[in-house]
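Line by line, the protein sequences are chains V and P. Every number in our numbering is 24 more than the matching position in the first sequence, counting from 1. 529 is the number that our numbering gives to position 538 of the second sequence; each next residue is one higher, with no gaps.
By construction, these hints were calculated from the structure, which means they are not laboratory data. Positions of the beta carbon are idealized from the N, C-alpha and C atoms, including for glycine. Hints should not be assumed to be uniformly reliable.
What the hints assert, rightly or not - Listed next, the in silico SDA-like pairs over lysine to any residue satisfying Cα-Cα at most 25 Å (straight line): (1) 115(V) <-> 549(P); (2) 179(P) <-> 195(P); (3) 115(V) <-> 550(P); (4) 115(V) <-> 553(P); (5) 115(V) <-> 150(V); (6) 115(V) <-> 548(P); (7) 115(V) <-> 195(P).
As the list claims (entries may be wrong) - Some chain P residues near chain V, calculated using beta-carbon distances under 10 Å: (8) 551; (9) 563; (10) 566.
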Amino acid sequence: MRALWRVRRVTEPAGGVADRDAGPPELVGSLQIRHVDAGSCNGCELEIASAFGPVYDAERFGARLVASPRHADALLVTGPVTRNMAVPLVKTFEATPEPRIVIAVGDCARDCGVFHGAYGVVGAVGDVVPVDVSIAGCPPDPTAIVDALRGITRR
Amino acid sequence: MTAGWLVVAGATTGVAAGAVGAALPRRWRFTSAALLVWLACAFEAAAAVHVMATGRHIVLHSATLIPITGVDIELNQLGALFVLLVAGVAIPATLHGIGYARHGLDSRLAAGTFPLFVTCLLLVPAAGSVATFMGLWELMALTSLVLVLINHGRSEATRSAATWYAVFTHGGAVLILVAWLILTAHTKGQTFPELSAHARELAPAVRGLVFLLALVGFGSKAGVVPFHVWLPKAHPEAPSPVSALMSGAMVALGVYGIILVGDVVLGRGPSWWWLTVLVLGAGSALFGSIHAASSTDMKRLLAYSTTDNIGLALIALGASGFFESTRHPLLAALALVASLTLILNHAAFKAALFLSAGSVQVATGSRDLDQLGGLLRRMPQTGTLFLVSAAAIAALPPLNGFVGEWLLFQSLLHGAAIGSTAGDVAIPLALSAMALTAGLTVVAFVKAAGIGFLGRPRSVGADDAVEVAVTMRLAVGLLAGACVVLGVVPFLVLPAVERAAGVALPGLTRAPVSRGVELQLVGLRGLLAPAAVAGGLVVAVGAVVGLRRVLARRPAPNVAEAWGCGRQFQTARMQYTAVSFAEPVQRVFDDVLRPVQDLDVSHAAESRYFVESLTFHNSVDDAVERWLYERIIRAARRWGQAARLLQPGSVHRYLAYGLGAVVVVFASLAVVR
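The task is simple: from the sequences and hints, build the whole structure.
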């Protein structure tokens, strides 16, 4: 209890949101997300974990990570799409009920980044499934991820 | 007396069926024996119905049929209920046997013994004296032992199972015989009415001893913990129609024996007798259901579930005796009716389940749940009937298991407030044991139905399974239909159950449950309308389905593969298995089950960080067997080894023993003279 008292509130203040028209209207207010690691170096995963941690706390804004694409509205895809993950990514996309959106997190997901042209890489996420929202950065800052999600939930 | 010829005709037909089964060539053997078995069942059932309807006992005596002791038949309403139960199980089991015969029941021995077994089962509840009862009881044990051993060539497990069964059934018979002998030693006659007339004059300690001996003896037949060890061994190894008869009918006769000795002959007794029964019942119910929830062999699961169900019936029986001894006749009657209803219901759904397990074994060649799967699509009728029976045993309304457990719950709930110290402790414990048992039974049968019949086939045998012969489906269908009938319109059979209970409770004047469409407890608060529940369920399900069809304007269904975590291809091995389904139960009840788990890891030669192979071994043996009986067997073996010091095989030594004995005798004679 004492530690709780000493630390007080650690969450970042909720600022304004830049882009307010990113997702379909059905997903406003609540966004269930399934994360797919399509071949990431785990840098983006650290930032996602931090975005959903106590400091950046994306759940304040209605975004939530879920355990199955069957429960999800959105796929949060990281990394360049490797050969082994191309089919699973498509299957996951197909298993997500509509309306669905795909969020590509990080430079690798957007355009393969430093792995561009590597032998094990099929391509960027956009080459495999249609991407609706992209988040730049290698890795992107948690605030960037939270901002992008808020653009969809509009909260 | 006029109906006596029905009993005789039934017995004669049964024996004739055995002769026909043993004599005819293989092709017609089992079928013709089955026809005669049905005739025998019909005769005996007609006699039982006559007794039920008129209330007059059938009494027969023949001094010449067996010299010295004679044969006494006395069929009262209690016996009649059990005769009807046996006939109700035997007719479908024999029908199933016609289809099953090619898989191990069409040998001369099997087709000859099976009808004899059924005949003994039919006649045991009609026995009227100690000699007749014990003769039939032993014949029943021996014929069933032969039938367990029928497939002895197939595996070592069968022989071992038969050994265990033989030891338990004969050990039990010895105890029962001792109990009868103590009773007959104090009276002139040996018929049950004579015994019961004199039993009240015995000293309380002797009466208590007789009851305990009979309880252990009959308990070992009924599969009561800790005398249940033979059940999960013998039931899986016996051919399925035999397992159905053993589990549905023979085990019920164990409970009949306890009622016969405790209630009819000894005329009830002090409360400690019945608290013992109640505690044994609660222990059996818990132990059986925990093991059923963790078993992966389908018939082993069913065998443990038999222990569980008999435990419930004994809880009811013990509660009934306890209420009687604390002067609550109405509660006692209700609990006894609950006990008999539970046994009737158990006979219906357990026989159905054993028979469908047999059908599955015939179709797939396996009874290991982890080798099955996807059978509902391949064997739709057997699968559906199994699901219905599993729902019945899981006590889901509107099926029969629910009615029995409702009666038991009501009698215990009303009995919890009678204000005796022993009752205040025992009844709530029994209630909680029963609640836990009910939950674990659901786990066990969700596993049996889900792993066995849903999903994808886990073996070639399950993949190639086709629907079994029509006789086998019809047999299971009859029993599953009985589950529905007993569940929806129990008032059809409750009068018979109440008349049977009246034999055990002579002071019973009013029926404990009103005989209307709804069951209303007389003198207590409690009401259940099974037909209304069933009707409501049908209407509700129909309404939901209908409304969905009418209201929802859905787009065309989107066919997609089941979600398998995005794997590129899915195999049957990715499914939940019976072991993994049971793992949480196994973990929670670690102390009871004491599972043996081994993980062998062999590392690559180059580096310990690379694993070459992993072998996981998991087995759940019976803890009672390991901790009690293996010790007894070890002790017996040590004594045997010690005896070998005296008997080393040397003829000289034996001659010396003889000489020594003669010398000792002469020397002692010389000294005494």
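Each hint, compared with the structure:
no.	hint	verdict
1	115(V) <-> 549(P)	holds, 14 Å
2	179(P) <-> 195(P)	holds, 19 Å
3	115(V) <-> 550(P)	holds, 13 Å
4	115(V) <-> 553(P)	holds, 10 Å
5	115(V) <-> 150(V)	holds, 15 Å
6	115(V) <-> 548(P)	holds, 18 Å
7	115(V) <-> 195(P)	violated, 76 Å
8	551	holds, 7 Å
9	563	violated, 19 Å
10	566	violated, 17 Å
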